[in-house]
Amino acid sequence: MSGHRRQASWLLLPSLLLLLALFYLPQLLMLVVSLGRRSAYGGVVREVSFANYLRAMEPLYLGILWRSLLLAAATTALCLLVAYPVAWWIARRAPARWRNALLALVILPFWTSFLVRMYAWIVLLRSEGVFNMGLGALGLPRAELLYNDFAVLLGQVYGELPFMIVPLYVSLEKLDDTLLEAAADCGADAWQAFRSVVVPQTLPGIVAGCVLVFIPSLGAYLAPDLLGGGKTAYIGNLIQSQFAVARDMPFGAALSFVLSLLVVLLLLFFRRPLQSAQAL
Amino acid sequence: MKGDLRIRGVSKSYGEVRALRDVSLDVPPGQFVTLLGPSGCGKTTLLRLVAGFERPDAGTISISGQDVTGVPAHRRPVNTVFQHYALFPHRNVFGNVAFGLEMDGTPKGEIQDRVHRALELVRMKDLGHRGISEISGGQKQRVALARALVLEPDVLLLDEPMAALDLKLRKEMQVELKNLQERLRITFVFVTHDQDEALVMADRIAVMNAGRIEQLDGPEELYEKPRTRFVADFLGVANLFRGTVRGRKDGLVTLRTEGGLELHAADDGGYPEGIPLWLGLRSEKISLVDRKENVLEGVIDDEVFLGDWTDWRVRVGQEVLSVGEGNVLARGRRRGDAVSLSFSADAVLRLEDAERVT
Numbered sequence: 000m001s002g003h004r005r006q007a008s009w010l011l012l013p014s015l016l017l018l019l020a021l022f023y024l025p026q027l028l029m030l031v032v033s034l035g036r037r038s039a040y041g042g043v044v045r046e047v048s049f050a051n052y053l054r055a056m057e058p059l060y061l062g063i064l065w066r067s068l069l070l071a072a073a074t075t076a077l078c079l080l081v082a083y084p085v086a087w088w089i090a091r092r093a094p095a096r097w098r099n100a101l102l103a104l105v106i107l108p109f110w111t112s113f114l115v116r117m118y119a120w121i122v123l124l125r126s127e128g129v130f131n132m133g134l135g136a137l138g139l140p141r142a143e144l145l146y147n148d149f150a151v152l153l154g155q156v157y158g159e160l161p162f163m164i165v166p167l168y169v170s171l172e173k174l175d176d177t178l179l180e181a182a183a184d185c186g187a188d189a190w191q192a193f194r195s196v197v198v199p200q201t202l203p204g205i206v207a208g209c210v211l212v213f214i215p216s217l218g219a220y221l222a223p224d225l226l227g228g229g230k231t232a233y234i235g236n237l238i239q240s241q242f243a244v245a246r247d248m249p250f251g252a253a254l255s256f257v258l259s260l261l262v263v264l265l266l267l268f269f270r271r272p273l274q275s276a277q278a279l
Numbered sequence: 000m001k002g003d004l005r006i007r008g009v010s011k012s013y014g015e016v017r018a019l020r021d022v023s024l025d026v027p028p029g030q031f032v033t034l035l036g037p038s039g040c041g042k043t044t045l046l047r048l049v050a051g052f053e054r055p056d057a058g059t060i061s062i063s064g065q066d067v068t069g070v071p072a073h074r075r076p077v078n079t080v081f082q083h084y085a086l087f088p089h090r091n092v093f094g095n096v097a098f099g100l101e102m103d104g105t106p107k108g109e110i111q112d113r114v115h116r117a118l119e120l121v122r123m124k125d126l127g128h129r130g131i132s133e134i135s136g137g138q139k140q141r142v143a144l145a146r147a148l149v150l151e152p153d154v155l156l157l158d159e160p161m162a163a164l165d166l167k168l169r170k171e172m173q174v175e176l177k178n179l180q181e182r183l184r185i186t187f188v189f190v191t192h193d194q195d196e197a198l199v200m201a202d203r204i205a206v207m208n209a210g211r212i213e214q215l216d217g218p219e220e221l222y223e224k225p226r227t228r229f230v231a232d233f234l235g236v237a238n239l240f241r242g243t244v245r246g247r248k249d250g251l252v253t254l255r256t257e258g259g260l261e262l263h264a265a266d267d268g269g270y271p272e273g274i275p276l277w278l279g280l281r282s283e284k285i286s287l288v289d290r291k292e293n294v295l296e297g298v299i300d301d302e303v304f305l306g307d308w309t310d311w312r313v314r315v316g317q318e319v320l321s322v323g324e325g326n327v328l329a330r331g332r333r334r335g336d337a338v339s340l341s342f343s344a345d346a347v348l349r350l351e352d353a354e355r356v357t
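First to last, the protein sequences are chains W and S. Each step along the first sequence adds one to the number in numbering that gives the first Met the number 0, with nothing skipped, and position 154 is 153. Each step along the second sequence adds one to the number in numbering that gives the first Met the number 0, with nothing skipped, and position 45 is 44.
Be aware that one or more of the hints could be misleading.
[Unchecked claim] Anything over 10 Å on all C-beta distances counts as not near chain S; from chain W, calculated: (1) 5; (2) 6; (3) 53.
[As the list claims (entries may be wrong)] Label pairs and their in silico Cβ distance ranges: (4) S/69 - W/61: 54 to 62 Å; (5) W/91 - S/69: 17 to 25 Å; (6) W/81 - S/59: 37 to 45 Å; (7) S/271 - W/97: 52 to 60 Å; (8) W/260 - S/83: 41 to 49 Å; (9) W/190 - S/64: 28 to 36 Å; (10) W/10 - S/70: 55 to 63 Å.
Hints were generated in silico from the structure; no laboratory data involved. Note that this is a predicted model, so its numbers are computed, not measured. We put the CB at the ideal spot given by N, CA and C, even for glycine.
Full structure from sequences and hints, please.
Next up, the structure:
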């Protein structure tokens, strides 16, 4: 028994080392930096002060954080809304022999860099872009599609969608058909069966998908930067600009920690549904 | 009338496979009907058509005097006990039984009462709070039964509900289910491939083969007088021969099998001359000790010990007959021994070969 345990801990070693070297150590460095102060030339003056954290709590930055939360929530909700029917169709309607191919199609965009795909959206959305040319050809007025919140949300939903579809697909594929028949047999119409059988049965996939979409969306920075044109600030852009533009590493590090703390708090808050989802 | 089930001329195909061919079946209220047959005979398809999970290609189904052919499953006055129970894993025992009542908006207090009564009926009243993963197979079956019965269906459909239980528990549940049905007087349509189960429980048995009902009769008539070769074979008639009429005398008809066996059957006027016929003879109707009309000389080829009786394989000419005789009466016989065997002319079954009449 103890031999098995020792073997198990050996198997953990590679990932532990990796986490330690590439996650915990940098986090520790960031913590040290976040407690310091920016030097005149953009370096870091070592000290122990919470000034950066207090600054992060100023209304300006809290507003940006709030907007990032809204963006992440909207992205997650839209992804769920779009992904559920797609996952349902692939898992339960499409011919079985096509399922893997369809799933591969969902994941296919990952073969291209996210950056390139964001530029592709610019080509599609800009005022001389594909959509507006189409509108013009139909004799319709042009629309301002790029450099606004709509474009940011579109880019985010587009980018995160596969992370929602895949976990939903997995839980929908496992859903037992006879449970749906049993629900109908007990008098449930399609909507009632969906609400009281399908949703609870696919909760693990829903929760996993939401977590996988929400957390990266919170720190999103490419879509807001490229599709939003940097007009509205989100926390991801703010942090990036602290490091790259303002050269205020201590403040950027502090903002990063605030963001991480927020994610941890949210995960703690949703601990119960997460656990119940695992139990299923 | 409430509880009346009428199936008229129902057909159903899946691609090339014809699952049901022009099936008609009337079940009066309160009757326990069993659909019996091997897998692929169409019995489950017929049940699913009644439940409303599938639509027939042709024909009509009416329940309690109402045509429900086009009515979706959730609005039919029937409930189903599924083969693997199909209980909702995210609900406890109480929640499963309460499901249907919640769906039709029954008040909370009434749900409590009715669920408790239903759980009491299946002797599960103290286990309402248990999770589905925390109860045994037999208990799951009771919950599935309670979930269906709590909705007071006109017709209860049961799709091989005993298949997953061990033999002893199955025997107990058969008796319990039969008693429950007699008490509630609800129409039961029970699907099984187990002939013993069908004989123990049903008021009437519909034996199905290749998408058709081959015979519909009470358990005793079915056992004693199977009408087709398939039914006889499925209900364990071990001796099946092909034979032709050779002559008639004194109310007996003389038949000769392809294997050269001569036997006499009671002439009921149904034996045509000159055409090969299927004949059947139950092992237990042949005796090694009594002497009756058909007395034949043979040699014991093999013996299969089956507890309180032995299945003797006796060679008579080119035919090998299966003879069931109690061990006390037939004691001392060995392989290779010459024996006389005998059976009554009434025991000979004349069988149709329905598979040929397509």
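A quick look at each hint next to the structure:
1. Every Cβ of chain S is farther than 10 Å from the Cβ of residue 5 of chain W; the closest lies at roughly 32 Å, confirming the non-interface assignment.
2. Against the 10 Å criterion, residue 6 of chain W stays outside the reach of chain S, whose nearest CB is about 30 Å from its own CB.
3. Under the 10 Å C-beta cut-off, the non-interface status given to residue 53 of chain W relative to chain S holds; the minimum distance is some 46 Å.
4. Between residue 69 of chain S and residue 61 of chain W the beta carbon distance is about 60 Å. The supplied range of 54 to 62 Å therefore holds.
5. Residue 91 of chain W and residue 69 of chain S have their C-beta atoms about 24 Å apart, which keeps the hinted 17 to 25 Å range intact.
6. For residue 81 of chain W and residue 59 of chain S, the Cβ-Cβ distance of about 42 Å falls inside the hinted range of 37 to 45 Å, so the restraint holds.
7. Taking 52 to 60 Å as the suggested C-beta distance range, the pair residue 271 of chain S and residue 97 of chain W conforms, at roughly 57 Å.
8. Between residue 260 of chain W and residue 83 of chain S the C-beta distance comes to about 47 Å, which sits within the given range of 41 to 49 Å.
9. Take residue 190 of chain W and residue 64 of chain S: their Cβ atoms lie about 30 Å apart, and the range 28 to 36 Å holds.
10. Separation of residue 10 of chain W from residue 70 of chain S is about 57 Å and conforms to the stated range, judged on CB atoms against 55 to 63 Å.
Taken one by one, the earlier hints all hold for this structure without exception.
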